[in-house]
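**Student:** The residues making up each chain are set out below.
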Amino acid sequence: MPLLEIRGLEKQFGGIKALGGVDFHIDEGEIVSVIGPNGAGKTSFFNVISGMFPPDDGTIVFDGDNVAGHLPNEITKRGIARTFQNVRLFPNLTVLENVMVGQHCRTKQGIWGTIFQTKAQREEEQMIEDNAKEVLSFFGTRLAGYRHDQPAFVLSYANRRRLEIARAMATEPRLILLDEPTAGMNPKETVELTELIGKLRSDRGLTVVIIEHDMKVVKNVSDRVVVLDHGVKIAEGDYDTVSTNEDVIEAYLGRPHGEAGDDEESEYE
Amino acid sequence: MSLDPLTRRWGLIGGAIMAFTGAIGMLVSFDERILISPILSLGYLTLLLAPAIAGHMAARGKVSVLEEPEHDVAQGAQKGLVAGLIAGVFAVVFMLAVNPFDLSEFFPNINDRMFDMMTFDFGLGLGSVVLIVASALAGAAGGAIYGLDDEPREGVFRSAIWVILFSLFELVVSDVIEVDAIVDLIYARGGGLHIWSAIIIGALAWWLGVRYKGRRAELTQMAKDSEAGSRLRWSLIGVAALLVIVLPMLVGGIVNELLINVALFILMGLGLNIVVGLAGLLDLGYVAFFAVGAYGMAVLTSPLSPAFSPELNWWVALPVVMVLAAIAGVLVGTPVIRMRGDYLAIVTLGFGEIVRILILSDWLTPFLGGAQGITRIPGIPLGATSVSGTSPELFIYMTMLLVGVAAYISYRTQESRIGRAWAAMREDEDVAEAIGISTVQAKLLAFVTGAIIASFAGALFSAKVGTVFHNSFDVLVSIIILVVVIVGGMGSIRGVALGALILIGVLGGPKSQGLLGEFAEFKLLIYGAILVYMMLQRPEGLLPSVRRSRELHQEEAAQDAWLDKKGSFIEEPEASV
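Chains as they are written, first to last, in my numbering: chain A, 24 to 292; chain B, 3 to 579.
Just so you know, these hints were derived from the structure itself, not from any lab.
Any given hint could turn out to be false.
[Claimed, not checked] Okay, the calculated bits of chain B under chain A, using three or more residues with CB under 8 Å as the criterion:
1) 203 to 214
2) 402 to 414
3) 430 to 437
[What the hints assert, rightly or not] Here are the computed distance ranges between Cβ atoms for each label pair:
4) A/108 / B/248: 57 to 67 Å
5) A/236 / B/215: 56 to 66 Å
6) B/345 / A/169: 51 to 61 Å
7) A/227 / B/556: 53 to 63 Å
8) A/149 / B/248: 49 to 59 Å
9) A/145 / B/359: 15 to 25 Å
10) A/133 / B/556: 29 to 39 Å
11) A/145 / B/345: 35 to 45 Å
12) B/373 / A/149: 33 to 43 Å
13) A/108 / B/345: 57 to 67 Å
14) A/38 / B/528: 20 to 30 Å
15) A/160 / B/345: 39 to 49 Å
16) A/149 / B/369: 30 to 40 Å
17) A/206 / B/163: 31 to 41 Å
A virtual CB, placed ideally from N, CA and C, is assigned to each residue, including glycine.
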């Protein structure tokens, strides 16, 4: 049984069909890339899976349960974590606090423990901090040492992306959705992050879905590539199959002149 | 010499302030309060402070971050003189305009006393000249002070502030000293410092400031060091606690009464601080929970409660009141859970009024007494005695006890799993939810915690006053609690305490007088002025929390972090790869 199985996922915003019946599945331990031209519905796809928008139709079966329409925090608790295309950290919290917040859904101390400083509370607090530091150490020296106590907004762009991944990792997910993790990074950083994505699976045992525009990254990390266009899945398979698929080339480059059909496809270019 | 537009602008602003404070009668009522006998009253201080500040600002000119400001006494004095002159002329023009334009129709407080005061009792002709000269001199002084070097300038400010504090807090100081002979040495019989005591206090403040300058730097350094810093903090907390315990014994009933009001507002401020400062939910109807606490306690303890009157002991009733407040918190919180920002503020504003109007409604009048309120609420039983507002020396300890509880709750929650969840929610609600925080739970918890703390204040309030009426719970109270939190510093416990001390203790609360009765009439005006000034100059509040000041000064903080780490902010130097 796949870890995540999606059938007929639909989402409409006003007159725009962001997702028009997408089927998708991913097995435990797989790394799958979702690609497609701008406006193809990739981010909407993530938003619906992570519960930020409820789907209009379709099922999202995660680990045997349909989670379609559940609240984002419930879905995170079940084990799906995500990052955002336009990095959304908590800018005024420190780096460490950003990651510690991620532990929220795995911990349980409430107001009583806090007020009376029970032993359980203190132990849990220590554990949260230790876990957060351990997660940050995944990025080597990038987010280590004095960085722990810096507010997130002083970080460089690449570090913000790393911190966002760290925060998602802190929720102890089984499936992690990365929305353009290498956007805005320089080539060296991109290579470094590509390796880290591989390590997410090998060291951490995570299953990864990644939206990516950088085809080098897509080629290097993914077991399988899914191509969306206009909210519909137009191709699926390993990188080589997909990259030679005619529909995919057409979606990215438009139809050659002289063929039938109007210019709708070029709308998003 | 051409006129600097900035000098002209500040001169006109100064003059407008002089004219306005005169027209609304502020100068005349402030004249009652003598600061230094017999030469300076609060009224004259206000009158001359306007051109002095104008002169100071004119001398300062445009502030540039990049250039080191120039400090030149003569130049500063010259600019200040011009600004003060303009201000004085403006004020005189205003006085001359009163009769031809019938300004007293609009400003009923324009009267002979105002003229006497603004002309220094010299009559309009000579007095106008005196006012202009005095204003110009005040402006020159303000400008010259700006021109001084850092050290003497700070000395002048420190001396002036301490002299003014000592004269304003005459009541507190003389209560603490108690021995009449010593009090008479410092203060004149009719109020105000003697000239020589003012000089001594000023000189002492200057000298102590210079003497301990190095020491202060040492302490700041110590506070940064973790171990010595925590020792320092604990000793400071110890001193503060000692002061809090001892002070009420030293001061008299009036000051204790004031302190009780301050403490009630600290309580409410701490509660609201959890809702607004920590969780970021702008609640403008916070007074509702105060009302629930007060009416809950009234019904449960008063023998005259109209329908249901169990006449419980205050201590027994308190947990019941807390439960009632928690229920109220859930009731208000649930419908607004999906609302954000402005919408939340408006809806909660409505809820606050709904509660007050419900008290007056036909439906609840049989239970809560409607416009008649509930009277004869007993005090807090403590051993054999019953502590109420008639014995403020004891009651203050009750309020302080609960303030301590509320402060402890705030302190603990801030740096906890819940506090982090609130902080995350305040920063970005969608993301907080996406990383697994149940915002519904977090919001309700904030509302309930805030409501319970407000109910403490309500329970104390009804035991103190002995009666509750609906009009103690109008919108203004909500607003003023919010102002206390904003001025003090959102998210900061010390800030809320300081805000309440200044606003409620000195200026006066919505229904009570502060230390200075003269302010009573003008306190909302002063609140407004303070709020505007704070929003422009120090939006994070007087004693801000770390997070809040980061939020409002992100760019500077980023620069600081960059400077701290000498460039590593841009990107780590690539050591390997």
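**Student:** Take the hints in turn and mark each one as holding or not.
**Tutor:** Status of each hint after checking the structure:
Coverage of the region 203 to 214 of chain B by chain A is violated. Counting CB-CB distances below 8 Å, 0 residues qualify, and the rule asks for three or more. Judged by the Cβ-Cβ criterion of 8 Å, the region 402 to 414 of chain B is covered by chain A as claimed, because 3 of its residues qualify and three suffice. Counting residues of the region 430 to 437 of chain B whose C-beta sits closer than 8 Å to any C-beta of chain A gives 7, which meets the bar of three, so the coverage hint holds. Between residue 108 of chain A and residue 248 of chain B the CB atoms are about 59 Å apart, so this pair conforms to the stated range of 57 to 67 Å.
Remark: the range hint 56 to 66 Å for residue 236 of chain A to residue 215 of chain B is upheld by a beta-carbon distance near 59 Å. The hint said 51 to 61 Å for the Cβ distance between residue 345 of chain B and residue 169 of chain A, and at roughly 41 Å that hint is violated. For the hinted restraint 53 to 63 Å between residue 227 of chain A and residue 556 of chain B, the CB-CB distance of approximately 32 Å leaves it violated. Checking the proposed 49 to 59 Å range against residue 149 of chain A and residue 248 of chain B shows it is violated: the Cβ atoms sit about 38 Å from each other.
A hinted range of 15 to 25 Å for the beta carbons of residue 145 of chain A and residue 359 of chain B is inconsistent with their spacing of about 46 Å. Evaluation of the 29 to 39 Å hint for residue 133 of chain A and residue 556 of chain B yields a pass: the beta carbon distance comes to about 32 Å. Under the hint 35 to 45 Å, the C-beta atoms of residue 145 of chain A and residue 345 of chain B, about 39 Å apart, fit the expected range. The beta-carbon spacing between residue 373 of chain B and residue 149 of chain A, approximately 56 Å, falls outside the hinted interval of 33 to 43 Å.
Between residue 108 of chain A and residue 345 of chain B the beta carbons are some 27 Å apart, a value that contradicts the proposed interval 57 to 67 Å. Separated by about 55 Å at the C-beta atoms, residue 38 of chain A and residue 528 of chain B break the suggested range of 20 to 30 Å. Under the hint 39 to 49 Å, the C-beta atoms of residue 160 of chain A and residue 345 of chain B, about 42 Å apart, fit the expected range. Hint check: residue 149 of chain A to residue 369 of chain B, Cβ distance near 50 Å, so the stated range 30 to 40 Å is violated.
As the Cβ distance of residue 206 of chain A to residue 163 of chain B is approximately 53 Å, the hint placing it in 31 to 41 Å is violated.
Of the numbered hints stated above, those contradicted by the structure are hints 1, 6, 7, 8, 9, 12, 13, 14, 16, 17, listed in ascending order.
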